[in-house]
Amino acid sequence: MARLLIRVNEEQASEPIAAQIIIEYKVPMAILSAHINNKGGEILIEIPDEMETKIADAFQRRGVTVTLPKQIQVNTEKCFSCGTCIALCPVEAIKTNQEDTVEFNKEKCLGNTCSICVDACPARAIKSLKTNGANHTRKKKT
Amino acid sequence: MSKQGKTRTIEEINQKILKGDAQVLTAQEMKKLVESSGVEVAFKEVDVVTTGTFGAMCSSGAVINTGHSDPPIKIDRAWINGVEVCHPGAAVDLFIGATNMSEKDVVEYGGGHVIEDLVAGKEVSLRAIAYGTDCYPRTTLKTTLTKEDLNQFQLINFRNCYQRYNCAVNSSDEIIYTYMSKLLPHFRNATYSGAGELNPLMNDPDYETMGMGTRIFLGGAPGYIIGEGTQHNPKNQFGNLMVKGNAKKMSPEFLQGASFTKYGTSMYVGLGVPIPILNEGLAKKTAIRDEDIFTDIIDYSVPQRDRPNLGKVSYKELKSGTITVQGKKVRVSSLSSLKMAKKVSQTLKTWIEEGTFTLTAPVERLPTDTICKPMRQTEEIPFVTNVMHPAVTCIEGEKIRAIAERLVTKAINHIVVVDNKGKLRGIVTSWDITRAMAEGKKDLGDIESRNVITAKPDEPLETASKRMAQHNISALPVVDTEHRVVGIITSEDVSKLLGR
Chain A
1 MARLLIRVNE
11 EQASEPIAAQ
21 IIIEYKVPMA
31 ILSAHINNKG
41 GEILIEIPDE
51 METKIADAFQ
61 RRGVTVTLPK
71 QIQVNTEKCF
81 SCGTCIALCP
91 VEAIKTNQED
101 TVEFNKEKCL
111 GNTCSICVDA
121 CPARAIKSLK
131 TNGANHTRKK
141 KT
Chain B
143 MSKQGKTRTI
153 EEINQKILKG
163 DAQVLTAQEM
173 KKLVESSGVE
183 VAFKEVDVVT
193 TGTFGAMCSS
203 GAVINTGHSD
213 PPIKIDRAWI
223 NGVEVCHPGA
233 AVDLFIGATN
243 MSEKDVVEYG
253 GGHVIEDLVA
263 GKEVSLRAIA
273 YGTDCYPRTT
283 LKTTLTKEDL
293 NQFQLINFRN
303 CYQRYNCAVN
313 SSDEIIYTYM
323 SKLLPHFRNA
333 TYSGAGELNP
343 LMNDPDYETM
353 GMGTRIFLGG
363 APGYIIGEGT
373 QHNPKNQFGN
383 LMVKGNAKKM
393 SPEFLQGASF
403 TKYGTSMYVG
413 LGVPIPILNE
423 GLAKKTAIRD
433 EDIFTDIIDY
443 SVPQRDRPNL
453 GKVSYKELKS
463 GTITVQGKKV
473 RVSSLSSLKM
483 AKKVSQTLKT
493 WIEEGTFTLT
503 APVERLPTDT
513 ICKPMRQTEE
523 IPFVTNVMHP
533 AVTCIEGEKI
543 RAIAERLVTK
553 AINHIVVVDN
563 KGKLRGIVTS
573 WDITRAMAEG
583 KKDLGDIESR
593 NVITAKPDEP
603 LETASKRMAQ
613 HNISALPVVD
623 TEHRVVGIIT
633 SEDVSKLLGR
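Here the protein sequences line up with chains A and B, keeping their order. Each residue of the first sequence is one higher than the one before, starting from 1 at the first, in this note's numbering. Each residue of the second sequence is one higher than the one before, starting from 143 at the first, in this note's numbering.
Calculated directly from the structure, the hints in this document are not laboratory data. Please note: incorrect hints may appear among the correct ones.
[Claimed, not checked] In silico DSS-like cross-links for lysine-lysine, where the CA-CA straight-line distance does not exceed 27 Å:
#, chain 1, residue 1, chain 2, residue 2
1, A, LYS106, B, LYS583
2, A, LYS127, B, LYS404
3, B, LYS386, A, LYS127
4, B, LYS461, A, LYS95
5, A, LYS78, B, LYS264
6, A, LYS95, B, LYS246
7, B, LYS404, B, LYS391
8, B, LYS386, A, LYS78
9, A, LYS95, B, LYS386
10, B, LYS264, A, LYS108
11, B, LYS583, A, LYS39
12, B, LYS481, A, LYS127
13, A, LYS78, B, LYS246
14, B, LYS471, A, LYS108
15, A, LYS106, B, LYS264
16, B, LYS264, A, LYS127
[To be verified] Computed far set for chain A versus chain B, every beta-carbon distance over 12 Å:
#, residue
17, ARG7
18, GLU24
19, LYS26
20, ILE36
21, ASP57
22, SER81
23, GLY83
24, THR84
25, ALA120
26, ALA123
27, ARG124
Just so you know, even glycine gets a beta-carbon here, dropped at the ideal spot from N, CA and C.
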């Protein structure tokens, strides 16, 4: 599954863009998180890999900014595996393994659209890289 | 083992340690052995059980002696890496408190980090000021230091290794940041602390083998228990230790600075106590399991000393990751590291097996009868309930004109909107009415604020007052747990009482 971060501006916020694309392309789209108000906002979607380019183009043609969500960075040197972050994670992406070491599932993690664990880490081992501005473009697949 | 085969002494155990044939198990291994073979066999086979914990221990710190400068200084105030340290004694003795925060990098760097950096061999910068005396003429000082430059670098922690600790939740509408970390609203998460069945004091709950002089694992090096910790509360299974050790020999792996957002800094300390299995009773006690250790679920959203207790929970449930609070499944995570606690008990086991660490008997056992008292307060602090007065209310659908009249006749600025059961719906201010007049609005629904910030009757006035300032508002309706309006407090009430 591929993840795309869709950013809408003030005008686009009130339009059913995602719904239109779902209908037009018959794409099974999971909305992982959405932070939208009348000033615009962002939606994190998950779609099948093979449809990524097509769907990203469809959003871009409608004037919407499409970027890849940035992942959370975990400094395993700093992390002492307390596990404070575990119960905070809304998608259960953090678990301890058999050696009681805290592990992040990067596939599940919502990345910088969530970041709920970042300020709870007493070791300050989790970093969230903010995407800056609307100029980010989708990484082209080679 | 002595003649009767029912007891053994610490001397006997130490002789075996020095010969390299002492039987040492970690607390985890001991529990399995007792479960599979019984207490009698476990007592016969095991000489020492090693315990361990690794958690945030705020009442930790270090005493350092920097040596004298030339010309000498009697330090009045001093900072290491921007963290103020205190001068508890003579000229160049300083105490680095783990919770003291950097003046520039508040919350992100503090005394715990300074201690970690020193232990790691890093260079730190010291700045000091003094008033100057005939014998200590110097008034300012700047230098850099490493642990090698210090005469003494002693970790002295006056409250460590709590036997067990609370499980924290938040029933309120907002995220709160506490020393129990980030607590999401409406019980959306819970946190707990402590190693449960691995905790040193839990494995010897009558403190038979622990007290002043017990040699322990502290921060990666040998250290000592020097007595009961502050707020030691043995009757409630909230016993704790005061400990010391030579920090120069410690390791930054077992002594780590920590930051709790909107709370402050602390230090994670690795601490382990070896328990000599002197009798069958101790074999049995060290077999304690997480399911036998209970703690209370406490609502940290109530800003009072005695916070609501929402029930009991075992460490087994806590370690499972999910508990039930008021019928709701709540995900729970640990603040202390089980992985590191195990590493502490394992490392201590290795030291003893290798013969580099022998046991000591306490010269005075930890007391089992200390009582932990709350503060004697000579001045009562006001609560919301002491200040609130009846709220003037209106119901939805009332005409703005009628509400405006009520504001004038009652000479007030706020009217609380309620439903027919007295539950809070919104609030209207005289400013809202003025605006309605200017804009020609007639319906209450168009002008009332529905997202109302409230206060609870039993919260301290100071926290309610802070909330008003934070949201830049001048009144808070006071609501009960059912969200019924029981009164109102205004910024005028607060300033009259608190004098602000």
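* Would you list, in rising numerical order, the hints stated earlier that this structure does not obey? => 1, 3, 6, 7, 9, 10, 15, 22, 23, 24, 25, 26 and 27
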